[in-house]
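Chemist: Going by numbering that gives the first Met the number 0, the first residue of the sequence shown is number 0, and it counts up by one from there.
Hints are computed from structural coordinates only; laboratory data are not their basis. There may be inaccurate statements among the hints.
Beta-carbon label-pair distances, calculated as ranges [to be verified]: (1) Phe-5 - Ile-32: 26 to 36 Å; (2) Leu-25 - Pro-63: 33 to 43 Å; (3) Ile-41 - Val-11: 15 to 25 Å; (4) Ile-32 - Thr-62: 15 to 25 Å; (5) Val-36 - Thr-4: 37 to 47 Å; (6) Thr-62 - Gly-27: 17 to 27 Å; (7) Gln-2 - Arg-26: 31 to 41 Å; (8) Thr-1 - Glu-33: 33 to 43 Å.
No experiment lies behind these values; they were computed from the predicted model shown. Think of the CB as a built atom: it goes at the ideal place given N, C-alpha and C, for glycine as much as any other residue.
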Amino acid sequence: MTQRTFSLVTAVLFSLVALLHAVRLLRGWQVTIEGAVMPVWISWIGLAIAAYLAYQGFLLSKTPTK
0 MTQRTFSLVT AVLFSLVALL HAVRLLRGWQ VTIEGAVMPV WISWIGLAIA
50 AYLAYQGFLL SKTPTK
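Could you put together the complete structure from these sequences and hints?
Modeler: Encoded structure:
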């Protein structure tokens, strides 16, 4: 697997994660892990991080290889 392919695959995966965080924020879904309810503000952080990593992955997949 080339670096370009790897960057594209990870960018798509991080885009899906960001999309799920955005849907949770918009729909108000509740997330419970071992009985503890996760606050919604965690999804804001998750959305920002996942979107940034997806953006960087797409940028890396566009750079020409030598």
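Chemist: Determine for every hint whether it applies to the structure shown.
Modeler: Here's how the hints hold up against the structure:
Checked against the given bound of 26 to 36 Å, the beta carbons of Phe-5 and Ile-32, roughly 30 Å apart, stay inside it. As the Cβ distance of Leu-25 to Pro-63 is approximately 37 Å, the hint placing it in 33 to 43 Å holds. For the pair Ile-41 and Val-11, the beta carbons lie near 23 Å from each other, so the given range of 15 to 25 Å is met. Between Ile-32 and Thr-62, the C-beta spacing of about 37 Å breaks the proposed range 15 to 25 Å.
As the Cβ distance of Val-36 to Thr-4 is approximately 39 Å, the hint placing it in 37 to 47 Å holds. A beta carbon spacing of about 39 Å between Thr-62 and Gly-27 contradicts the range 17 to 27 Å that was offered as a hint. Between Gln-2 and Arg-26 the Cβ separation comes to about 36 Å, which falls inside the hinted range of 31 to 41 Å. Take Thr-1 and Glu-33: their Cβ atoms lie about 40 Å apart, and the range 33 to 43 Å holds.
Hints 4, 6 from the earlier list are contradicted by this structure; the remaining hints agree with it.
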